[in-house]
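> Use these hints to put chain B onto chain A, whose structure you have.
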Amino acid sequence: MKNTIVALAVLAGSLSALAQEKATIFPSVNVKSIEGKMVNTNTFENDGNPIVVSFWATWCKPCAKELDAISEVYDDWQDETGVKLIAISIDDARNAIKVAPYANGKDWPFEIYLDSNSDLKRALNVNAIPHTFLLNSKNEIVWQHTSYFDGDEEELFEEIQKLK
Amino acid sequence: MKNLLSILLLCTGTILAQSGQLSGNFQSDFQLYLEDEALDFNLENPSSGFPSERFLSNGFANIMYTKSNFSAGIRYESYQNALLGYPSGYKGEGITYRYAQFSSNGLDVTVGNFYEQFGSGMILRAYEERNLGYDNAFDGIRLKYSPLKGVYLKSLVGRQRLFFDKGEGLVRGLDGELSLNEAFVGLNEIKTQILLGGSFVSKYQKDLNPAYNLPENVGSWASRMSINHGRWNFNSEYVHKYNDPSAVNNYIYKTGNALLMSGSYSKRGFGLSLAAKRIDNMDYRSERDQNLQNLIINYLPALTKQHAYSLATIYPYGTITTGEMGLQAELNYKVKKGTKLGGKYGMGVLANFSNVYAIDKQQINASTPLGTTGTLGYTSDFFKVGDDKYFQEFSIELSKKVSKKLKLIGSYINTEYNGAFIVGYSYHGMIYSDIFVLETQYKIKSKHSIRTEIQHLSTEQHEGNWVMGLAEYTISPHYFFAVQNLYNYGNTDKKLSYPTVSTGYNNGTSRFALSYGKQRAGIFCVGGVCRNVPASNGISLNITSSF
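So the protein lines, in turn, are chains A and B. Here the numbering used here is used: the first residue of the first sequence is 1, the next is one more, and so on. Here the numbering used here is used: the first residue of the second sequence is 1001, the next is one more, and so on.
Derived from the structure by calculation, the hints contain no laboratory data. All the given hints hold, so there is nothing to weed out.
Computed footprint of chain A on chain B; a stretch qualifies when at least three of its residues, placed anywhere within it, have a C-beta under 8 Å from a C-beta of chain A:
{"#": "1", "stretch": "1118-1127"}
{"#": "2", "stretch": "1228-1239"}
{"#": "3", "stretch": "1474-1486"}
Glycine included, C-beta positions come from ideal geometry on N, C-alpha and C.
Isolated chain B (complex conformation):
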């Protein structure tokens, strides 16, 4: 056995040594938590989440080997123990991802773990948001094949990652895409580009439920189209899911569907996009009893603006997968140089509007309440808007370079936020807020810059008004220093402030950041994923690198 191992290692070593490339990356986050009287963040108050370990850390490293048409890789992850706000399923350490992939004669084969997306992802998307602990990677087999020019086929079978384990449900998927322009010689040179696509996805999980006869196989299909004509773009995708009683939809037997349509027009200095969507009972997981962010098969994008300013992230929108409909429009415009408004350098304008409503839901008959377990749940008129408004937002941002050294960015955001529906706030009713932000960027001398932000959020509801200030000094290409404070001065219950100081060092692909201060409690979202983070105080160190 030992000899066999040696030979194997020897062979591997020799093959590796011949050529090929090794690459990888690494990230590690450490946090020391400090007791805080104002936040009531301490061991005596278990509901504050204060960790008895006092010190927590997350880390991972990816290592990948590539040689011509072959690649293989592994990821090691460690949570000892996971930072506050991470899903509790992340505990311990181990190899969580390993794969081998090769391609020959147009056939691309992956065995082991992989990420994948069909179309927009509304029928199937495996992806990761490592900083939020989201990872629904498949473990199985994926094939990609292009039999003809302009025809792209994909198939997969696999089970999904659930922290350090896997879900029991099997997922099978097929996807095809046809580029008319590439496939047909006569269309090669025409200006209009047309793409058509279709998918079929099915999941299997044994039915052990004593009370109901649940479908063990749940199928879904999608069709999509994208048309481009010069400055014009149009995309649409429709998904249909067969009946899928689950914990999230309260075990109703209704089918689900989703429609996403978007279009845009743009030319140098001007861009406009419009998007609309409707989602009805589209939560889709490879285990019917799961909830939160676990074992999700598809991705239902929130059609709202993704904000970067910290006060604008206090009321974030997350898709309500059981049903919603909404619109979004965005305008980008550059006021020309030399005009009255544009001045010497021009001015950027970015305006966004979005809204989200409930879908129409009617009882299936007079004696059955809405959403009753074991029934068809409800009926819905596709074009009718429901009674509840979930969200609406209007924002405008003006950015203007005043001189060679100074740039100003001003923003206004008006939000209506129905937190009880979106993130389950105990505060009921609409939260109306207005946010003003002024950001300045000033170049002191070559490679030395200072950036400041002043933000104000006003609302009569929920936690009341907030003010925020930030100053950041950077020395290119290595150093930054920053101080900031958030102050919830309008809170009638407790007027808390959250000061933080931080510094960092960058060198090539390595980055070290050290910060000390307080973190507000709240819902933090990146991409399509949100997590609830408790208020805390502490010192944190983050290190990332790649090679």
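Just chain A, same shape as in the assembly:
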């Protein structure tokens, strides 16, 4: 019994040590590019500038609102911070063929990938979309946010500016 308590205490200690560790590295998962190429997420890079990863789907209205809003200010964001947005669609076979036409029809200037069985979504513990991550130059997740309200992109931009 005593041993068990000691062991539990050690385990608890280890877990709390873990909890203090802040930087979470972006997971390595295969997704597909619009062209059908297999791409591992550990190859995401932006010349040392920040990366925004945003989960969306063609059927998700708040997702489209968020990406529309960012698309309008994207040129200014890029000029100031060099940020790049990667939009991950979780559309499955029902809507996968619509992803490129949808994004192009909206004139979005983002890099787009398909996560059609939600492998990356699961690896990042995303409960619901939209869900947005901000990565620093080492691909560490420094900020994340779930759902979208009008104006939320301003908070995201403040976080991006902190990385410069």
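Coordinates of chain B only, in the frame set by chain A:
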């Protein structure tokens, strides 16, 4: 024994402490049900589904540990008891998902539970829709290996999740994909990208049927291709399934097949996609006597638009796995800024058309009725359309930013819905409906916005006309308040209304939402899964978080 446990814990603790990452998420839904006279939702009326517990809750948490090439995780789920509309198999609590995964030298190994998809998923797809209670995860072993550049191999064996248990059928699968451009040096730089793929899946279940000699192993194979050339995309997949008598197909010995073809063209400001499919006897489960959403091996996508407006979800389409054929076309277009229609900010146009028909079915001979148990069931001409029309829909949505503060979205949807076939409505015949929606988004001041929706559905059939109104006020990035009401004023039987008020608070990855009001009865679908939810009244609290 105790010492052993201590050492084990100590070791685990020390290893964990060295580095690595812990992450996870959590969701919990609570609902207090209130009796409602208008809905006849109370204890005295058992058919209304009013829970004698009065208070129900669902919840889960995932915890994952990752260190370089290793990861492991568990999920705890609790249904005490499951919310109304959830499958009754969810009862109780426990660890429902646990896995360990590592990769080295290109070999990726998973033991325990996993989700997987081969190709489009029409031959095999394990996935979850937690909010609808759908989860057909495998418990077994999966290997992924890339022996050469551009060659991707996967294999799996496992049994599927059935609520807090597993199905008895074994599933074995192999999948290979070849990227010609990556595999052959000469093709590396050319513009046309070609991918070829193939799968084989087989299930095994012992035959204990006294009357028929049922196949214990049922195999299926699929081949697929995808071609991309700049703005053009083309995908196709064909699946063949050997004879698989089951409860869903009334124990016929016919083989099954499915074909999905799609193509698209898009450039900045313009996108067009076309898709066609045909499904014949493709219900595929790891236990032949199962029905509903239980132990399904494959995923047969519905090629219809997935709607978000609440009145447009009253008549949702769900794939008829025993046989259907249909088409879908979608156009996305952005009218340029500075044109007469586009105005200062441009205008978005999104139009969609889809239809679904029965496949042709002919008797195997004059004396055997269609679909007779123990026979080949029927014959079908691949290119011939059947007699019944299941579904047709045309929709158009125009969105226009009027000024820096105001955005308008107008939609029109025309639907023909054969509910008796699609979801087993007792109402027979086609339901014709027209829906108009006007949504406005207005920015009051920085971070403060108001959004409204007015929706109207008109139909002469089924439950008649509906009207809906919604107003939502949001303060970025934390708060929202919303009121809405649905009113079924055209119902000749009972004119019911369903008012709801809700509010919520978001902070980072945490979200709290509280609502009070009534829920209409109906079929609710997310992705490929639908569930039937009874009418109810109550207070609900939803909490989600991740770390």
